[in-house]
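Those protein sequence lines, which keep their order, are chains D and B. First residue of the first sequence? That's 1 in the numbering used here, and the numbers climb one at a time after it. First residue of the second sequence? That's 290 in the numbering used here, and the numbers climb one at a time after it.
Where hints are given, some of them may not hold.
In silico lysine to aspartate or glutamate, EDC-like type, Cα no more than 20 Å apart, as pairs [to be verified]:
#	chain 1	residue 1	chain 2	residue 2
1	D	K116	B	D522
2	B	K527	B	D516
3	D	K134	B	E298
Everything labelled a hint here was simulated from the structure, so no lab data went into it.
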Amino acid sequence: MLFSLEKLSHRYSDGTLALDEISLNFAQGERVAFLGTNGSGKTTLLNHLNGILKPTSGNIYFEDKPLSYDAKSLLNLRKRVGFVFQDPNDQLFASSVKQDVAFGPLNLGYTSEHVKQLVDDALTTVGMSEFTDKPPHFLSGGQKKRVALAGVLAMQPEVIIMDEPTSSLDPIATSDILHLLLKLNKEKGITLLLATHDVDLVPLFADKLYILNKGKIVSEGTPKTSFSNTELIRKVNLRSPRIAHLFEVLKKENNLPIADELPLTISEARREILRLIDQAVKETKKTSN
Amino acid sequence: MSHSELYVEIDRSAYTNALSKSSPITKTFFALSALIICVSVQTFIVPVVVFIICTILILGLAKVRARLYFNLFVYPTYMLALSCIFLALFFGSGANLIEISLPWFTWSIFKSGLIMSITTFLRVEGALSCLFFLVLTTSITDLCVLLRRIHMPQVMVELSMMIYRYIFVFLEISEQMSLAQTLRLRRSGWLNRIRALSMLIGSLFIRTLDQGERTLAAMNARGYDGDIRILEDFASPKKLVLLGIVIFDVLLVILLFLTLNIGVI
Numbered sequence: 001m002l003f004s005l006e007k008l009s010h011r012y013s014d015g016t017l018a019l020d021e022i023s024l025n026f027a028q029g030e031r032v033a034f035l036g037t038n039g040s041g042k043t044t045l046l047n048h049l050n051g052i053l054k055p056t057s058g059n060i061y062f063e064d065k066p067l068s069y070d071a072k073s074l075l076n077l078r079k080r081v082g083f084v085f086q087d088p089n090d091q092l093f094a095s096s097v098k099q100d101v102a103f104g105p106l107n108l109g110y111t112s113e114h115v116k117q118l119v120d121d122a123l124t125t126v127g128m129s130e131f132t133d134k135p136p137h138f139l140s141g142g143q144k145k146r147v148a149l150a151g152v153l154a155m156q157p158e159v160i161i162m163d164e165p166t167s168s169l170d171p172i173a174t175s176d177i178l179h180l181l182l183k184l185n186k187e188k189g190i191t192l193l194l195a196t197h198d199v200d201l202v203p204l205f206a207d208k209l210y211i212l213n214k215g216k217i218v219s220e221g222t223p224k225t226s227f228s229n230t231e232l233i234r235k236v237n238l239r240s241p242r243i244a245h246l247f248e249v250l251k252k253e254n255n256l257p258i259a260d261e262l263p264l265t266i267s268e269a270r271r272e273i274l275r276l277i278d279q280a281v282k283e284t285k286k287t288s289n
Numbered sequence: 290m291s292h293s294e295l296y297v298e299i300d301r302s303a304y305t306n307a308l309s310k311s312s313p314i315t316k317t318f319f320a321l322s323a324l325i326i327c328v329s330v331q332t333f334i335v336p337v338v339v340f341i342i343c344t345i346l347i348l349g350l351a352k353v354r355a356r357l358y359f360n361l362f363v364y365p366t367y368m369l370a371l372s373c374i375f376l377a378l379f380f381g382s383g384a385n386l387i388e389i390s391l392p393w394f395t396w397s398i399f400k401s402g403l404i405m406s407i408t409t410f411l412r413v414e415g416a417l418s419c420l421f422f423l424v425l426t427t428s429i430t431d432l433c434v435l436l437r438r439i440h441m442p443q444v445m446v447e448l449s450m451m452i453y454r455y456i457f458v459f460l461e462i463s464e465q466m467s468l469a470q471t472l473r474l475r476r477s478g479w480l481n482r483i484r485a486l487s488m489l490i491g492s493l494f495i496r497t498l499d500q501g502e503r504t505l506a507a508m509n510a511r512g513y514d515g516d517i518r519i520l521e522d523f524a525s526p527k528k529l530v531l532l533g534i535v536i537f538d539v540l541l542v543i544l545l546f547l548t549l550n551i552g553v554i
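In isolation and in its complexed conformation, chain D is listed as follows (with noise of 0.2 Å):
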């Protein structure tokens, strides 16, 4: 296993319990959404993948080995799960785009050249080369959510998590860089760790869902069994994805013979749809014989 977390707690300074008893394991290459109203605890959560946070109780190993919070230890352990915020302007320090991005890499204490060439790649791959030169202050926000990524690429992490990937962009946006998350896992293997409150995203990215209440998680599968839990999903403040909604709606009120599992994504639908009308197609002509 990638990541193990074993009853992880976590209790603030002031005293909320962001986070109770939370046991779970991701494996190399997947994809993983964490999914919760705000104050569920995801953020508390990732924060500690990346040794920002460190548990109040509980463990943490990373390829079966307990996390240390020691500089060298927390050094390699950052250079290989990044984690990019949920605001650019928190992360994007510098003052211009190929000096940012440059930050993590020359903290990892490459030649000046080889930086220069993690920057480049990093740069072309989330398709901001054009800006190398530019202070952030001239970049639009899902431009700024760009560079943030590459910042995090550049140190070539084998783990990248994001905290709202998608928040506060615009739809282009946020399809670009849904691509872009999928084009570097399916590529490079990276393992992506999301946390979000898109639940219409979820079954776009993810094969595996947590779904966290009050720092607890209540539900873990893949998109597709977690979304046809209705109650549940409504328990915690949730909404299935639209179309998974419609389907819904299409069963309980229309009496439609839809399946068990729900569909959560066009595709889905689509085939779902084509497969009634396929069905409606046949029951017509044996009753007309």
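Following the hints, complete the assembly by docking chain B onto the known chain D.
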């Protein structure tokens, strides 16, 4: 132009002017050498020549908008004009130009004081044009890299880099806050304005502390160990251009010696 507009415009110019890609070493060398020669003289001609050359370079070569360039002179010139008036009125000795006699007091304006006032004015304006050349054509990032290369203390360079970045973040936040106050019908009147401003400054201060903490966390997440390393990557200076600047400086110095005696009216 308002203050914040002016800052944003200067910054934009530093990235978009026609000289933005040329070596910061060349630009800094030109600006500083011309500046030093300009302020070290007591004559009229050299500062005027420096001013004209810098203006030609800024407007002609770097293609900075004339409105922006001349706008930059407005505030410093107010201050300068005031100081020069006082220099003319109260300084100098020797032959007096004008004498105002009152029964109990004689006030003289001296020729040397007047000359001092005019030369000071011209020297400062010339020096300003050198600085504006640097500011309008060179980005802060390039300057920071340069400062590191000449071994300025690291903490100063790091601070200037981050202060520069977050000026723009907080400029935006403060503009939003101020707009939000206006939209919620901030009452007019002097006292109310001061009260609203104090609230704005207070919450902005808290925001800066908060931002600092979050930025530190984000830096730590990318392996920050207390030193911000800078990627030293910019165009290296062209020898020919450097030579040209040296020749220009030598010519300026020659001009300086030729005009030493003309300098006095």
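Hints, verified against the model:
no.	hint	in the structure
1	D:K116 with B:D522	holds (8 Å)
2	B:K527 with B:D516	violated (31 Å)
3	D:K134 with B:E298	holds (14 Å)
Hint 2 from the list above is the single one not met by this structure.
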